[in-house]
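Assemble the whole structure, with the sequences as input and the hints as a guide.
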Amino acid sequence: MTIFDKKPQDAFQFVMGNEAIARGALEAGVQFAAGYPGTPSSEIIQVLSEAAKTMNIHSEWSTNEKVATEGAAAAAFAGLRSLSAMKNAGLSVALDFLTHLSYTGLGEGGGAMLAIVCDDPNAHSSGDETDSRWLAQFASAPLVEASSIQEARDITKWAFDLSQEFKCFVFLRGYTRLCHASSTIRMDELPEFDRKAMSDSSISINPYLGMPHHAAALEKLEKIRERFELSPFNFYEGPENPELIIVCGGSGKPCAEEALETLELQDRVGILKLGTLWPLPRRLVKNHLNKTRTLLFAEEVDPFLEHQVKEMLADDPVEGLRVFGKGSGHIPAFGEITPDRVMKALSTLLKIDYSPRSAAYHKILFEISEDDLIISRGLTWCPGCPHRASFWAIERAIKADGRDGYVTGDIGCSTLDVFPEGKEQMNLLHAMGSGTGLASGFGQLGQFGYTQPVINICGDSTFFHAAIPALINAVYNKSNMILVLLDNSATAMTGFQAHPGTGFNALGKPTEKIDTEKLCNSLGCKVTVSDPFDIRGTVKTIRGLLKEQGVRVLILRRSCEIVRMKKENLKPFTVGIEETKCKGEECEICFSRFRCPALFQEEKTGKAKLKEDICSGCGVCVQICPFNSIGRKEKA
Amino acid sequence: MTRLQKDPFNMIICGVGGQGNILLSRMIGRILIHKGYLVDIGETFGAAQRGGSVFSSLRISKKKNRGPLIPEGRAGVILSLEPLEALRMLSLFGNEEVSVIFNTQPVYPVGVLAKRFKYPELEKLRAAISKLSYQSWSLNATQLAMKLNAPIIANIIMLGALVGTNTIPISMEDVKSEIKNSLPSNKVELNWQALDIGFQAIK
Chain D
37 MTIFDKKPQD
47 AFQFVMGNEA
57 IARGALEAGV
67 QFAAGYPGTP
77 SSEIIQVLSE
87 AAKTMNIHSE
97 WSTNEKVATE
107 GAAAAAFAGL
117 RSLSAMKNAG
127 LSVALDFLTH
137 LSYTGLGEGG
147 GAMLAIVCDD
157 PNAHSSGDET
167 DSRWLAQFAS
177 APLVEASSIQ
187 EARDITKWAF
197 DLSQEFKCFV
207 FLRGYTRLCH
217 ASSTIRMDEL
227 PEFDRKAMSD
237 SSISINPYLG
247 MPHHAAALEK
257 LEKIRERFEL
267 SPFNFYEGPE
277 NPELIIVCGG
287 SGKPCAEEAL
297 ETLELQDRVG
307 ILKLGTLWPL
317 PRRLVKNHLN
327 KTRTLLFAEE
337 VDPFLEHQVK
347 EMLADDPVEG
357 LRVFGKGSGH
367 IPAFGEITPD
377 RVMKALSTLL
387 KIDYSPRSAA
397 YHKILFEISE
407 DDLIISRGLT
417 WCPGCPHRAS
427 FWAIERAIKA
437 DGRDGYVTGD
447 IGCSTLDVFP
457 EGKEQMNLLH
467 AMGSGTGLAS
477 GFGQLGQFGY
487 TQPVINICGD
497 STFFHAAIPA
507 LINAVYNKSN
517 MILVLLDNSA
527 TAMTGFQAHP
537 GTGFNALGKP
547 TEKIDTEKLC
557 NSLGCKVTVS
567 DPFDIRGTVK
577 TIRGLLKEQG
587 VRVLILRRSC
597 EIVRMKKENL
607 KPFTVGIEET
617 KCKGEECEIC
627 FSRFRCPALF
637 QEEKTGKAKL
647 KEDICSGCGV
657 CVQICPFNSI
667 GRKEKA
Chain S
17 MTRLQKDPFN
27 MIICGVGGQG
37 NILLSRMIGR
47 ILIHKGYLVD
57 IGETFGAAQR
67 GGSVFSSLRI
77 SKKKNRGPLI
87 PEGRAGVILS
97 LEPLEALRML
107 SLFGNEEVSV
117 IFNTQPVYPV
127 GVLAKRFKYP
137 ELEKLRAAIS
147 KLSYQSWSLN
157 ATQLAMKLNA
167 PIIANIIMLG
177 ALVGTNTIPI
187 SMEDVKSEIK
197 NSLPSNKVEL
207 NWQALDIGFQ
217 AIK
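If you're matching them up, the sequences are chains D and S in order. Going left to right, the first sequence walks through residues 37 to 672 as the working numbering numbers them. Going left to right, the second sequence walks through residues 17 to 219 as the working numbering numbers them.
Any given hint could be a false lead.
In silico EDC-like pairs for lysine to aspartate or glutamate, Cα to Cα no more than 16 Å straight-line [claimed, not checked]:
no., chain 1, residue 1, chain 2, residue 2
1, D, 643, D, 670
2, S, 134, D, 624
3, D, 259, D, 201
4, S, 134, D, 639
5, S, 79, D, 297
6, D, 617, D, 649
7, D, 645, D, 621
8, D, 399, S, 194
9, S, 131, D, 622
10, S, 140, D, 201
11, S, 134, D, 201
12, S, 147, D, 622
13, S, 140, D, 403
14, D, 380, S, 112
15, S, 147, D, 407
For the record, the hints were derived by calculation from the structure and aren't laboratory data. Since the structure is predicted, the reported quantities are computational estimates derived from the model, not experimental observations.
As structure tokens, this is what we get:
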């Protein structure tokens, strides 16, 4: 049995939160799904792409989140049920379209659409931990979220009905502790249907004459607020007259529950859990607030609910009610919510003595911490990763050039450069495609005396996502820059998904392969291709390009090692170190500067040693050893 | 072991990105669910998988499903694919009653390669782990896996060892049938062998 079963026989299925969302969408009859990979959202489209292999569903990796959302909206305008899925950063890309889509609604075709955005509180795998909930308010669109994996399936289905009824798209918010958690869920049968897609060409749907459209959207939100007052996803658990009520949504609910159990406060404290966050169901919230004198908001990341309720209380005060949370400093103003954060706040407010460890245990921990045994573990590229070789070559070429080359970076595995013990080559790093836009800007500062060469390092999936308009801008405005395209034929960081340059679609089927050389050539860029594993050749090529003018593109092409290994399942070379030639401490280049995890310094001899269990056999270290002490033999 | 020591019983599976941590947590989760337990797992994917510290938290219960996060100091057992990571997790989730089972093969952090830190001596790590746990077991699963010409299978050797410690209610038969059901048939024999090696190593 799988989550694709039409008529599930077993009562329960063990799934990840993203799989539960996908199952809920399938049970709701979704027919069009599009997204761009981004942790923690990626598995939603991956699962629906798997479903699309056997069901009449379209699922795609789009070039970016805006295009994905526009595709999904087209399907909804044509009467189908659709979704787009993205991470928090991706919502900023899609937002221009979504703010207009809420003004127009989805038309009269009977379609429905979810914009699914998955936040990453704590920024476990992101450059920021922005809280998407505010953007529902900004975009005048309803927002719902689940507090458990079962609810993720249930609320997804429910949100499709809501969208269809009110003819507007609905935001469904996910977050790391839901998307990437796993649990057992109940599933229903998949529907049988055969909807024909069509659109009405006799009318124009557009947001112009904006003010009346905005007024209509707000009127619709008031009706949705009434619906939210009755939603099964909002409920109170706890005693009749609690000393304190914890108000929460999403991850706050299980954290609050855990905290109450651990502190044995179930008879004293209640939980008001909300699943429909915007617009706030004010009456329902107010009814529960009247039960207590103290509120604690347990939210991640920002005080979104806290602000809504405080605003409500400003309009309609409850005498003697005290409100605690991020505003009062009882819950930290950043990072994810945890049971410990809720316990800490509760023990302060209710004057309970709680410590997660006994004093004796704490003392042992303290003594051990004085020995500095727990050293940090920085992120790094995998053994055999082409990026390590590329960055090595770029660093050498910039040094040899001697004009203080300035590097702008981009998002993806290449980003590992900026982590502690990375190559630390990227001088600036922001958002998807921003490295190219920044380089385009730096490259136009010549008239102000700027003489440093400008190099933008960009991954292949990022290139298609957002770098192309910036590259066109650079050509059009006569910038001086080099775009180094690290082409590893995958969206590697998020799980090796296909993109327009791979020649495969989300279902793994062959499709048109966008030729980056031809594309960049047609824009008038000088295009050079090099193999990053040829270090000497690549350094020479980059040094040559640094001396030229105009917009230059260097494609460093080599497959992601994990993708290659999955396909070929063999090491190209056997690598060996000749101990007598290795200079050890006097040199240290291979382990302490190249920093391949498969090389380390042996304690006794001080010489380089190979970790055979993780060596990928790429053979690049052979080229970087100045004493020829590393050798490689081709595998038969 | 036929029943849980506590309800919920919290288990941490930890190691370094790329060691097969997630596969292991899913496998143990499925086995326990087959046996009628409720299991919730929490983990993080993405950047941390690139050589960073990774861990999965398993909440095992007979009573109800729970949130994925384990409160500080509340682990029942820690299964670690790397010695330093065992200590790191103990510093967060350890307590007087915790059991620890760890692979003694170190994976050096990139900061050690860059000579920014020194990797602690194994004996010091072992002593600290022992002080911070009720009971602990160790084996060099990586070396044992190298003997099978399959370094990646160290995680399955650790799973065999976990069964041997009798800390969670799963038997060798449970694990073998899960492997048979979830892996391609040509991998079953090798994985069974790895399980036995781990199980024996702990005896």
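We went through each hint and held it up to the structure:
no.: 1; hint: D:643 x D:670; verdict: violated (24 Å)
no.: 2; hint: S:134 x D:624; verdict: holds (15 Å)
no.: 3; hint: D:259 x D:201; verdict: holds (11 Å)
no.: 4; hint: S:134 x D:639; verdict: holds (10 Å)
no.: 5; hint: S:79 x D:297; verdict: holds (13 Å)
no.: 6; hint: D:617 x D:649; verdict: violated (23 Å)
no.: 7; hint: D:645 x D:621; verdict: holds (13 Å)
no.: 8; hint: D:399 x S:194; verdict: violated (42 Å)
no.: 9; hint: S:131 x D:622; verdict: holds (13 Å)
no.: 10; hint: S:140 x D:201; verdict: violated (64 Å)
no.: 11; hint: S:134 x D:201; verdict: violated (62 Å)
no.: 12; hint: S:147 x D:622; verdict: violated (39 Å)
no.: 13; hint: S:140 x D:403; verdict: holds (13 Å)
no.: 14; hint: D:380 x S:112; verdict: violated (22 Å)
no.: 15; hint: S:147 x D:407; verdict: holds (14 Å)
The structure fails to meet hints 1, 6, 8, 10, 11, 12 and 14 from the earlier list, while all remaining hints are met.
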